[in-house]
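Colleague: With chain A held as given, fit chain B onto it using these hints.
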Amino acid sequence: MRHWYASEASSQSSAEKIWRANWILILVLATLAAIGTMTLYSVSEGSFYPWAERHGLRFVIAIGMVLAMVLIPIRLSLKAANPIYFVALALVALVPFAGVEALGARRWLSIAGLQFQPTELMKLGLLLALARYYTWLPSEKVSQPLWVAVPLAMIAVPVLFTLRQPDLGSAVLFGVVGLALMFLAGVSYLYFAGAVALGGIAAPLVWTSLHDYQRRRVEVFLNPESDPLGAGYHITQSKIALGSGGFTGKGFMQGTQSQLDFLPEKHTDFIFTMFSEEWGFVGAMALLALYIVLLATLGSMALRCRNIFGRLLIAGTAVTIFVYVVINVAMVTGLVPVVGVPLPFVSYGGTSMMTLMAAIGLALSANAHGRERIDAQELRVFF
Amino acid sequence: MSGNPEDDDGQSRIFNRRALLLGGGQLAAFSVLGGRLYQLQVMQGSRYAPLADDNRISVRGLAPRRGRIFDRTGLVIADNRESFRVSVLPASPAELRRILDIINRIAPLSSDDIERVLAKAKTSSRSRPVIVAKDLTFDQVAAINLLIPKLPGVETDISHVRVYGYGQTIGHVAGYVGSVDRPALDDDPFLKLPGVQIGKAGVELGMDADLRGKGGTRRFEVDARGRIVRSLDEVEPSPGGDIATTIDIKLQAKVLDRMRSEPRAAVVVIDVATGEVVVLASVPTFDPNELVTKVTEESWKKLQTAEHNPLLNRAIGGLYPPGSTFKMVTALAALEAGAVTLDERISCRGSYEYADTTYRCWKRGGHGRSDFSRALRESCDVYFYELAQRIGIDRIASMARRLGLGQTYASGIGLQKQGIIPDTNWKRVTYGQGWFRGETILAGIGQGYVLTTPLQLAVMTARLATGRAVVPTLVRRATDGQPENPLFPALDIKAEWMDAVRRAMVGVVNEVGGTGGNASLEGSNAVIIAGKTGTSQVRSSAAIDGDSEVAWEHRDHALFVSYFPASSPRYAVAAVVEHGGGGGSAAAPLVRDVISMLLEDDPIARSASAQEALRSPPADFVRRER
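Top to bottom, those sequences are chains A and B. By this note's numbering, the letter at position 277 of the first sequence is numbered 277, and the numbering carries on one by one without gaps. By this note's numbering, the letter at position 298 of the second sequence is numbered 298, and the numbering carries on one by one without gaps.
Simulated from the structure, these hints should not be mistaken for laboratory data. Please note: incorrect hints may appear among the correct ones.
If you only want the chain B side, here are some residues facing chain A, beta carbon under 7 angstroms, derived [to be verified]:
no.	residue
1	11
2	23
3	26
4	29
5	30
6	33
7	36
8	41
9	42
10	44
11	45
12	48
13	49
14	51
Under the rule of at most 20 angstroms between Cα atoms (straight-line distance), these lysine to any residue pairs were calculated in the SDA-like manner [as the list claims (entries may be wrong)]:
no.	chain 1	residue 1	chain 2	residue 2
15	B	214	B	79
16	A	141	B	11
17	B	122	A	233
18	A	141	B	16
19	B	250	B	79
Built from N, CA and C at the ideal position, the CB exists for glycine as well.
So here's chain B without its partners, still in its complex pose:
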């Protein structure tokens, strides 16, 4: 029976034993907890401490002020203006909508803006602010700052916006800046700075590394919602370096004005002594200011698909068959190879036969028998077909490269095209087949596969004029007013042949029968100009001599390359008028006008520091001063 004392004692013995067992089990459980805490707090404490700091401390990048860009006379091409911004930390869409709604009452936002912020907040990290609006007024910023306690994660700051004072005139040279594309994001921490802009074209792209500067950081203590509790410390960003370009903005504007009559054209002017690019003009132009402030998807598309593609800088990125302007290359290659002498006469009956194909000369009736000088002056195609055939493509290609074609230059401007100087190796790599000798014939007169940019043609002309390996630059080589005088290495082409080519180029402009007579200046004491025309075929069936009946887009490109003064060269000029018809009729007059402008207001003479760069006395410069 239950209830008797013995029984109870038995039960109480069981209870005592089991209670002690249970107590032991509890102690064991507490030991496990103690061990776990020892593991977390003592053994792994050093691992968790930085994690707590990562949570607590938010490091914000501070974008530096971008370096300014000047023209050669010290006028500002690209500057910065301050802009008030408001940004917000990513939060839930409902919370963000509430915040944006309040901001909207102070600074009106479009529904596009709101969608953009919501989309961006979804993909970016919790500690990276998303920009809501730029270019706020001071009053708007003040009003938002007052409300910040009610707007978790909202911050206001000042950013720099790029301003291009000369707009259309400088668009192609300066280029423009833009925000970093997602796919382009790499490990460079600079690109992760909030609202940082990088060069996308032109000098902004070519000199981006110099213009960028170095980002700073500001460390904040933040709470779990990313709200700033207090500022801890700050490393100031260091602004980017200023860049002085070689462009003469006033001259550039004049040249562009002259070019406006053409739908698409490009002009490059190089100082042959220093390689400085004085004018780099391309039409149509664009205003870079439109691309840096409030670029909407729509306006960007409009620019990209606009007629004649204004965003393309044809001076460095337009690819044209050089046509007859390439004949100097073939000529020098042949002379150097000993394949022709200056006196040998080659007969032209208007066409050239090779392997059952007829290659025409531009002059229907033919030139008759021409020596070197006349063939170049009158641009006899048959003469150069024969020369090309004698020496083969690889010698031509090699000379073309020595004269500066088929390459880009570290000249400080982005988006240069390399062009094509074909040779047997190139053909094999590109098309997987051997070179046909017939292809050499067309290459010899700058047609076929050959493609060049106006900048390359200007470099070629400067090298022909000086006999030195001129390298173009858009950035002044010295910043402290004393430009070093870079004496470019000699090309190592026999002076006799260089002189023969130069004499022929003077003949092109100044002698009877020369194709470039339109480039010569009026007046008996005018500066002597040397040059070479080029007319490159757009379509094989189109008439070679620009027929006005042909539709504009099927007309030939007109080219003219030139240097002057012939006796002591100062400038090289290259011009391409797309679908202009003939080089002599469309491009030569353009170059003549550009030269007039240069003579009227000589940029080198104007920039005091450049005086030293002159190797010949000014008296030699203009004949009338003699």
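Bound conformation, chain A alone:
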């Protein structure tokens, strides 16, 4: 049986592998990127310059990269997992010292004239490392305290570094994706229940130990509308834009809130608001439905995958996209504080596009090699 799988996988040609890539998924991605391009065209008052054109071009390049990544042998990903994680960790640790400061936060590293965010690499690194960890870990040990502590540490270290930058959005993403992978890998429900209970007890204790000014800061963070000219301005204008869009929207290029500049960051973090002002509730629902289709496609890919590594990789990619979408939409609708997370494939920005497309590439590669069996014995050393 095992041999049959292996031989079938190895007998696949490159063309076949690409052909076996999930074209529904790619179609959904292309639709999202097209919506992004269209909205960016509207943002710049009916011009492909400066954003729409580059957004579309980036997506085309990224799709090329994704199709190329399908060919990556699954064992190569497995081998590269831990090195990528540790390189990313080292770079993330370096950011507070060598990072470039922009807008009050240090997130960028400049290497040989190229600027990039190590946290983006960490998003892939953490995904790969955790998937590898559970591939290596015998299933009966999954819920043993020591073997729960190890992945918790793998998650906690980058979370702490990222919080220091500060980059709350990425920190939340590491936490949620990491815990979701532990959950999917089969860590006992008791740990999760215990964590929830502990949080419930600890929160009031922490709250009472805070100074008044610290509490006030937390309050403003949780309820920005108490500061309507400062942090609350963005969210108030965003809600006005969404609400005035109504059921059917104001029409393409007709969103007054966005066109007249009341809405901030409308080409990046608030692009969902921009789109929903012009296309209304109907448009917003259609956009969310596209994401649901995307997540469902990834989900079914994960369920069909025969190896733990691939399953966790695909599921982790889905959870990453999910976290991005939920935080972004919840943020622009005023459900959660503004943390600065883009809307996947729609928001303008090369960094998040590349990271997410790379994750998609890994997921498609895992899918293409889904029938390969990976023996835990292959991975003799953890480090």
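Modeller: Frame of chain A, contents of chain B only:
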């Protein structure tokens, strides 16, 4: 051992179960987002739509053109001139400084101007432009308009600036306009119009409601920085109504010229038939033009603290004890109360004793025994002390009010003072104590608490002359050339007593011993004038008859009230010369000269429409024409 198929199947079962759980959780999260969007976009959409419009649409008020003010002959007292303005929407101080710097290169701004704009921008709302500079030249405006794409929030427009053609002559009558004070801001949207000016004094204040007009609006679509994207629609402002005053500007100028020799004085001339105020003069004067264009803090302070307070219109806002001009009030009150007859003689030995206090008569030796007519003609204080004592303060106060004292009039001029006509009730309310009878004695000769304005004294005189409740006005009652002839209601004072008072007032000017001889006109066929002198004490210790040795500010105020022609009264004149000494010596000659001017160039006769207001033929007017 891991790696065997069963084990893997177990793990994959766990994965499948948990993946479905997680998927369910994700679906739940999406449902929450969908619900939130439904709430915002569908349920509350109608609430947010107007908010988006509030953001997008900026409504600017347009100030109307203020109504003009004319004198009785149709000469323009207050007019408007167009002025190019540049204004800017509030922005960050750094941005504003950049903008102001560019404007400064075209239209030089002082550092005061810049500070003012920065300060005002800090406090006003984001959509309300702050005026940067006024009175720009056409070239300057054109240059700024060219740069407007580089100057976010900058706008240019045309405003109206008030011009007072007769300057000093009309300052007190016209008053002036100014911008709305912050504390005065109420809910009236008119006051929120950009750059709107409201009346602060004079007719500008008294007739403000008529002069204002109605503001218009212009709606713009603006972007988040307040920059105008396009104009949506406009409601034109409707200009304020023009006002024709009763003042004769030429006569006013002549009267003021005559008054310049006095540091502080006031003259009021009223048409007794209509109550129209023909002259309302007060010295020193001020030029209202100085107050409406580029008033600096400094020049405003200078005017406010200037010697003799030129901003005070003494004719309506100066408060003076009426002195002996008040004796007609006491006389009529006593006659009406039956406390004295015209024939009763009261003895004056130069002083009057009451409750261990001595009240002096102005004439040291006393007047001897005087009847009503002589007592008024020679202004015997003791006679009126006695009358006052007989009838009490409340009867005096009541008569004073019937004759027009102690009140302001809806005559179209702002900042009138009410003065004081004391009575027992007033004393209780003001001082919390009862009235002393000794106080009645001083009140009887217009001293003590009694305070009046020259306008009130002119009204009193007009009422004495006509027997009717004349009400003064500075605004012509009819605008279409046909002034209605307001027959004021009768005062309901017995004609016999009114005649006795009038005869005595003729005696004041025309008979031997009368205190107002200086007011009589030369010539055998001259108009007969009736009048009454008043000399009101400024300090109780000062000599009653104006002693030239006394320092100016301690000298008595000189008053004279008059009406003429005595037989068929046309005009009432009241004059106060502050610290002028005696009414007979300082005020009476001033009134005589004013009357000469009126006779030389009769304003009523001059304004054609007023002919009908004349109830007696012109032949009666001047005796020499007979």
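Colleague: Does each hint fit the structure? Answer for all of them.
Modeller: Outcome of the hint check:
Hint on residue 11 of chain B holds. Least Cβ distance to chain A is approximately 5 angstroms, under the 7 angstroms limit. At about 5 angstroms, the closest approach between the beta carbon of residue 23 of chain B and any beta carbon in chain A falls short of 7 angstroms, and the interface hint on this residue holds. Checking residue 26 of chain B against chain A by beta carbon gives a least distance of about 5 angstroms; that is within 7 angstroms, so the hint holds. Checking residue 29 of chain B against chain A by beta carbon gives a least distance of about 5 angstroms; that is within 7 angstroms, so the hint holds.
With 7 angstroms as the threshold, the beta carbon of residue 30 of chain B comes within range of chain A, its nearest partner Cβ sitting at about 6 angstroms, so the hint holds. Because the smallest distance between the Cβ of residue 33 of chain B and any Cβ of chain A comes to about 5 angstroms, under 7 angstroms, the interface hint for this residue holds. Of the supplied interface hints, the one on residue 36 of chain B holds, with its beta-carbon coming within about 5 angstroms of a beta-carbon of chain A, less than 7 angstroms. Proximity of residue 41 of chain B to chain A holds as hinted, the smallest CB-CB distance being about 4 angstroms (cut-off 7 angstroms).
Because the closest C-beta pair between residue 42 of chain B and chain A is about 5 angstroms apart, less than 7 angstroms, the hint holds. The criterion of a C-beta within 7 angstroms of any C-beta in chain A is met by residue 44 of chain B, whose closest approach is roughly 5 angstroms, and the hint holds. Proximity of residue 45 of chain B to chain A holds as hinted, the smallest CB-CB distance being about 4 angstroms (cut-off 7 angstroms). Interface restraint check for residue 48 of chain B: the shortest CB-CB distance to chain A comes to about 2 angstroms, inside 7 angstroms, so the restraint holds.
A hinted interface residue such as residue 49 of chain B counts as satisfied when its beta carbon comes closer than 7 angstroms to some beta carbon of chain A; here the least separation is about 4 angstroms, so the hint holds. Against a cut-off of 7 angstroms between C-beta atoms, the interface hint on residue 51 of chain B holds, since the closest Cβ of chain A lies about 5 angstroms away. Annotation: proposed proximity of residue 214 of chain B to residue 79 of chain B holds, straight-line Cα distance about 18 angstroms (limit 20 angstroms). Between residue 141 of chain A and residue 11 of chain B the CA atoms are separated by roughly 12 angstroms; this keeps the pair inside 20 angstroms, and the hint holds.
Distance restraint check for residue 122 of chain B and residue 233 of chain A: the Cα-Cα separation of roughly 19 angstroms lies within the 20 angstroms cut-off, and the hinted pair is therefore satisfied. Taking the CA atoms of residue 141 of chain A and residue 16 of chain B, the gap is about 19 angstroms. The hint holds against a cut of 20 angstroms. Of the supplied pair hints, the one linking residue 250 of chain B and residue 79 of chain B holds, its CA atoms being roughly 18 angstroms apart against a limit of 20 angstroms.
Checked against the numbered hints given earlier, the structure satisfies every one of them.
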